[in-house]
Amino acid sequence: MRLEHLEVAGFGRLDDANIVFHPRVTVIVGDNESGKSTLQRAVRAALYGIDAGGQGRAVERSDWMRWKPWMLARYGIALTYALDDGRRVRVSRRLDTREQSTQVQEIGGGDVTDLLRCGRVVVPGRFHLGVEEPVFCATAWLGDDGLRLGAPEAPPQRAEQLQEAMERLADTGRGVTAAEAIALLRLAVERVGSERRLGSPLGAATTRIRELDGRLADARARLGAVAHEQERLVELEVRAQEAARRQLASECRWLTGRLADLGQRRGQLDAAFQEAAEHAAVIAATQPYADFRIADEERVISLGAQLNQATMAAAEARAHWEASAEPRRAVARRRAEIASGIRALGDAPADAAEMYGQVRQLHAELAEVAGSAARLDTSAVVEERRAALRREIAATGYGKLPAQTLEQLGLMLERAPRRRLPWWVVPAAVVPLIAAVAGILLATSHRLTAAAGALVVAVAAVMLALGVRRALVSSSRSRDDSAGPAPLDGLTRAEIDRLGARLPSLRALQAALLREEALAESRRLDAETVDTEAAALLIRCEELARRMGLAVGASPPRAHTGAQLERSRELLSRIDSAIGARMRRAELAVEDERLGLQEAGMQRLDDEMQRADAAVEDLDARLQRILVSAGMSVRRTPTEAVAAFREACAARRGHDEALRALEQVRRRIGAFGVDDTAARQLAEHYAGELRARGGDPDAAVTATPLDAAALQELESDVERARREAASAGSEADALRARLSALYDSLPSVADLEDERSACVAVRERALSQLAALQRSIELIEEATRGTHRELAPQLAASVQRRLGMLTDSRYTRVNVDTDHFEVSLVCSDRPDFVPLELVSHGTRDQVSLLLRLALCETLSSCGESVPLMLDEPLLTSDPQRRQLFLEFLHHLSETNQVLLTTTDPSIASAMQHTAGDDCAIITLDGEPTIEAAGRRVSRVRVV
Amino acid sequence: MSYRLLHFADLHLDRAFAGMGCQGELARRRRQGLRDALRLAGTVARDAGCAAVTIGGDLYEDERADVETARFLVETFASWKPMRVFLAPGNHDPLLPGSIYARSEWPGNVHLFREPHFEPVALADGLTLWGLAHREPAWPGDPLDMAPLDARDGVHIALFHGAELGSRPDGKSVHGPFRAEQIRQRGFAAALCGHYHRRRVDGASGLIYPGSPEPLTFDETGDRGGVIVDIGGDGRIGSEPLATNRWRALTQQCDVSGCTSMSAVIDMLGDTCTMSGDGHAPDRLMHRVDLVGAVDWSVPLDTFTLETTVRELTGTALVRVRDMTTPEHDIARVVDERSTRGAFARAALTAAEHAADADEAAVLRDALRYGLAALSGCEVGLR
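Those protein sequences? They're chains A and B, same order as listed. Using the numbering used here, read the first sequence as starting at 11 and increasing by one per residue. Using the numbering used here, read the second sequence as starting at 2 and increasing by one per residue.
Calculated directly from the structure, the hints in this document are not laboratory data. All values derive from a computational prediction rather than experimental measurement. Treat the hints with care, since some could be wrong.
[To be verified] Below, simulated SDA-like cross-link-like pairs (lysine to any residue); rule was C-alpha separation at most 25 Å, straight line:
#1 B/K82 - A/R703
#2 B/K173 - B/E62
#3 A/K78 - A/A88
#4 B/K82 - B/R72
#5 B/K82 - A/E247
#6 B/K82 - A/V248
[Claimed, not checked] Here chain A is said to cover these stretches of chain B; the calculated rule only asks that three of the stretch's residues, wherever they fall, bring their Cβ under 8 Å from a Cβ of chain A:
#7 17-30
#8 376-384
Just so it is clear, CB atoms sit at the ideal spot from N, CA and C, and this is done for glycine as well.
Make a model of the complete structure from these sequences and hints.
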């Protein structure tokens with residue numbers, strides 16, 4: 011700021027004064043009370059206004075009252091100044107009234123009065139210089155006793171304001187102080203709040219987050235419980251559906267079964283009705299026979315049958331009778347022939363039949379004996395075999411040896427080396443015998459005799475075998491007893507040896523011969539037996555022949571069996587013939603008897619025929635009676651009659667049967683319990699029910715009907731399923747109702763989470779803001795500390811630099827206490843700091859002045875340059891120091907305009923001499939004002 | 002054979018809108034808006050004569066969906082009968098054991114794809130729909146990793162949730178990655194997809210991303226809705242994107258340079274919102290406004306106050322303000338000051354440059370702004 015022009019309409023003793031200031035140094039020279047201080051005061055009043063008292067301050071003692079114009083002139087001032095940015099401002103104040111009318115005009119701009127108002131007072135100095143009036147007075151504006159320590163406007167008395175101003179300048183260059191900025195930041199922090207302060211956004215968000223967390227946990231728990239219940243509900247619904255399905259299925263099956271049953275029953279009912287109808291038709295058709303005497307049927311049938319039979323019998327009898335006509339004639343003829351034949355044959359013995367039997371017996375025996383004889387007729391063969399054996403034995407040369415000798419020899423040979431009896435010897439001896447016996451048995455076929463013969467032969471064979479064995483053993487024993495075979499019966503040893511070699515064969519031949527001889531003996535015995543039998547037989551034949559009356563003749567002597575047999579045979583033949591004749595007679599008699607019977611029988615045929623006819627008639631009559639009594643017409647034939655009766659009876663039976671059947675059918679129909687209409691309705695109902703349940707009634711009709719037990723079971727199933735479905739359904743309904751009630755009260759997790767997210771965002775944002783604000787505060791505080799730490803040294807350095815120059819380095823160091831703006835000096839004579847009040851008055855004033863200069867420089871360095879207005883600052887300075895000061899001021903005027911008032915013209919001259927064109931001298935003449943242009947003006951001379 | 006269906010995806014029922022700044026009643030209205038969008042889809046499909054509706058995943062958000070959501074879906078789909086509904090679960094609604102998909106009893110017209118590989122469903126003679134499901138929240142599998150289909154068997158359409166790698170938006174998660182050129186290589190005439198919220202209909206490759214039916218973030222601007230897809234017997238695919246969204250999101254800039262007071266900023270902001278929202282129902286409009294320009298320190302820009310005031314002035318459902326203004330002060334000049342302010346600015350800038358992370362740097366930048374505002378003697382406007 012550089013002051014340009016001051017117009018004083020009236021201020022103190024100044025009256026209508028116009029002061030034009032030099033941009034750099036203006037020296038106001040004038041005598042005492044010429045208005046120098048008044049002029050300076052006017053400038054200050056223009057910048058900061060003037061206190062007019064009030065609010066506890068006496069108006070009379072106010073500055074406004076003090077600086078009222080002496081003359082009764084207008085009370086007003088106007089100051090024009092230029093700011094460092096080039097703006098030019100004119101402040102005009104009309105101070106006629108305590109309210110003071112002020113106008114600030116930007117030259118080339120507009121009215122900026124309101125922009126420079128602070129409360130009700132317009133203080134352009136505060137806004138443009140950036141310092142309050144006290145600071146201005148403590149620094150740039152030096153009053154008439156401003157250098158005095160303890161002066162009210164001295165820096166120490168304005169320390170607080172100075173400090174604030176310094177800080178303000180240091181902090182923001184005439185803006186806010188760091189403390190004020192920090193206060194603003196703390197206000198912002200207050201606005202954000204804290205997590206604990208519920209009324210703040212952060213506290214509210216934090217608290218709300220906690221609440222929401224709790225509500226979310228609760229909501230999730232409730233939702234989890236609801237979900238669990240829902241799952242349970244699903245299970246219940248599934249169970250209910252399953253049960254319903256089972257119920258439905260059971261109902262369908264039941265309905266199907268019932269429909270099938272109904273269908274069957276309806277079918278049965280229909281069939282029953284049809285049957286009933288049929289029966290009714292039958293009844294109707296057979297109604298005429300309703301009272302028919304069915305009890306006579308059997309009689310009728312019987313009669314009919316009898317009649318038929320009788321008729322048939324009669325017919326048969328007649329046929330027989332008729333058929334027997336020729337046989338009858340034949341029988342008659344034959345009987346006649348027989349009679350004649352019998353007569354021809356004569357009489358027959360009474361016992362012819364018995365004789366015939368005997369003859370048969372004799373024949374049989376004859377055949378048997380003949381057979382036996384034939385079998386025994388092999389003597390020649392046997393004899394021949396024996397002869398052959400003898401020849402073989404003789405051929406051995408030892409034929410003459412008796413068998414006993416051979417036996418002994420054999421035993422001897424066995425003992426020497428004991429010769430065993432070959433195993434085949436005994437069987438070889440026995441088997442042939444047995445075979446012979448068997449052959450005899452077979453040949454004779456005479457059991458008893460054969461058996462006896464066999465027994466004899468067997469015994470003989472056994473005895474033979476034992477004898478042979480004994481002989482062999484004895485032979486061997488005798489052999490053993492001797493040293494060797496001894497000559498026997500004149501046989502030499504060589505012959506014995508030779509005999510021994512042939513002995514086996516010889517013995518075999520001997521044995522065979524013995525057997526043949528035994529056989530021959532046996533045969534002989536048999537032959538004797540046969541002969542005896544033949545003789546006996548002959549005798550009987552002869553006896554029989556005699557009985558038959560046959561000539562027997564002489565019996566042959568007991569001769570050959572064969573002849574006897576022949577004789578017997580002949581006799582039997584004759585007997586046979588005789589018997590035959592007699593038999594013939596008997597036969598004829600028998601035949602005749604037979605024919606007689608036959609004839610009698612034929613005669614019986616006639617009787618039978620007649621009886622049959624009579625029977626037929628009787629039967630027919632009875633039959634017809636019955637028919638008539640039964641109301642039937644007479645029939646031609648019994649068959650027809652019976653058939654008709656049977657038919658009628660059948661009709662009656664049919665009628666009765668139909669009645670019974672109809673009754674049964676009706677009972678059955680009644681047993682159904684429902685009539686067809688009801689059954690149909692019921693079936694339709696069931697069909698509808700089944701259809702409603704998704705079943706197929708058409709298929710049900712053809713399904714297999716279920717029995718009562720199955721239906722009952724299905725009903726039980728249905729009931730069980732229904733109860734289960736109902737239970738599950740009611741449980742599900744209850745649960746559903748409970749859940750429905752819950753749904754409305756269920757918190758919305760989404761909403762809660764949304765709100766939480768928003769609160770979290772608010773909180774995070776607030777925390778971020780807090781963090782930023784806190785960091786900002788910290789950084790400002792740190793910057794402030796650093797900046798403020800430099801203030802005092804800067805001031806001290808500024809003062810110290812000039813003081814050193816001023817005092818020829820007498821004072822080397824200066825300390826400025828920025829808290830109190832007290833200065834202490836270090837003198838070269840003293841090591842410690844000396845307070846300002848202890849130094850000389852001149853030095854003190856100079857130091858104070860230097861301090862003000864330093865303060866001005868400092869104030870000016872961070873904003874608008876402050877014009878320095880010094881009223882008599884050099885009164886206590888010696889010329890040297892005065893000159894230095896003037897030089898300081900001139901130098902300072904480069905940045906800060908200097909307004910210097912003095913009563914000493916030499917100071918003005920010195921200044922002019924120092925500053926040259928950079929200085930203007932204004933002399934305030936103390937002469938009374940003169941009139942100029944009709945106005946009283948002070949005489950101001952600008953040099 | 003011509004078959005018409007409606008395809009949409011990424012509805013995100015029960016989504017939290019806190020990220021958009023919606024909370025309380027507004028958030029509830031937005032979520033209700035998503036449900037209305039689902040119902041509207043069914044109405045549109047029916048009016049257009051569609052035989053089916055395909056949903057390409059992210060139908061709901063599994064972490065937030067509850068029993069009521071399940072009921073709503075079941076009832077809605079049931080009301081669409083006889084239209085068929087085909088569901089292909091995505092990464093936000095994977096087919097997990099306890100999920101809505103698994104727990105709900107879907108009506109008969111709904112077909113849910115359950116396997117992480119394609120399974121066929123016959124739509125019509127000669128037309129087959131192949132769908133797959135995400136069974137985990139972050140499935141990295143390739144949906145089109147399969148043997149090519151035989152075109153002689155008819156027309157094949159794919160339905161799945163996946164990330165087409167050639168057009169992936171920045172920061173979008175990769176679930177079910179695939180490439181568009183694989184679609185035709187595998188024998189599909191078209192791929193009805195979901196995952197990307199921006200609509201993309203590429204006739205050359207057959208790729209169809211319908212986009213989200215309603216805006217879920219401020220970046221999802223413009224017309225939105227499903228896509229009507231017509232499938233010809235020769236495999237020719239026709240598509241008609243729909244504009245059925247009822248909510249709108251707008252992002253604008255507002256240069257508040259020269260404003261000397263909050264009122265001026267509010268007025269300018271209000272004018273911006275009013276002009277840009279012209280033609281749209283304000284109660285379903287969501288503005289995001291970036292304040293730019295140089296503002297004097299003395300203007301305390303409080304975003305919360307701006308949002309609240311402008312919302313009330315314009316009746317807009319939501320106004321979000323981002324303060325991107327720069328202080329009018331020349332920071333370089335401030336830094337050169339020898340004052341406390343200069344020291345503070347230097348210290349703050351240095352600390353911001355050496356900040357450990359972006360958050361700390363942002364805090365320091367805000368600290369600088371707040372400090373300079375305070376050192377200017379102005380009320381500190383909180384961002």
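Worksheet entry | Given hint A/E247 paired with B/K82 - CA-CA distance at most 25 Å | Within the cut-off at roughly 23 Å; holds.
Worksheet entry | Coverage of the segment 17-30 of chain B by chain A (three or more Cβ within 8 Å) | n = 10 at 8 Å, threshold three: holds.
Worksheet item: Does A/K78 pair with A/A88 here, judged by a C-alpha cut-off of 25 Å?
Response: With Cα atoms ~15 Å apart, A/K78 and A/A88 stay inside 25 Å; holds.
Practice prompt. For the pair we were handed, B/K173 and B/E62, check the Cα-Cα distance against 25 Å.
Written response: holds, 17 Å
Practice prompt. For the pair we were handed, B/K82 and A/R703, check the Cα-Cα distance against 25 Å.
Written response: holds, 23 Å
Discussion item. Verify this for me: three or more residues of the segment 376-384 of chain B with a beta carbon less than 8 Å from a beta carbon of chain A.
Written reply: holds (count 8)
Item to complete: Quickly compare the C-alpha distance for B/K82 and B/R72 to 25 Å and report which way the hint goes.
Response: holds, 16 Å
Discussion item. Check the hint pairing B/K82 with A/V248 against an upper bound of 25 Å on the C-alpha distance.
Written reply: holds, 23 Å
Hint violations for this structure: none, all hints satisfied.
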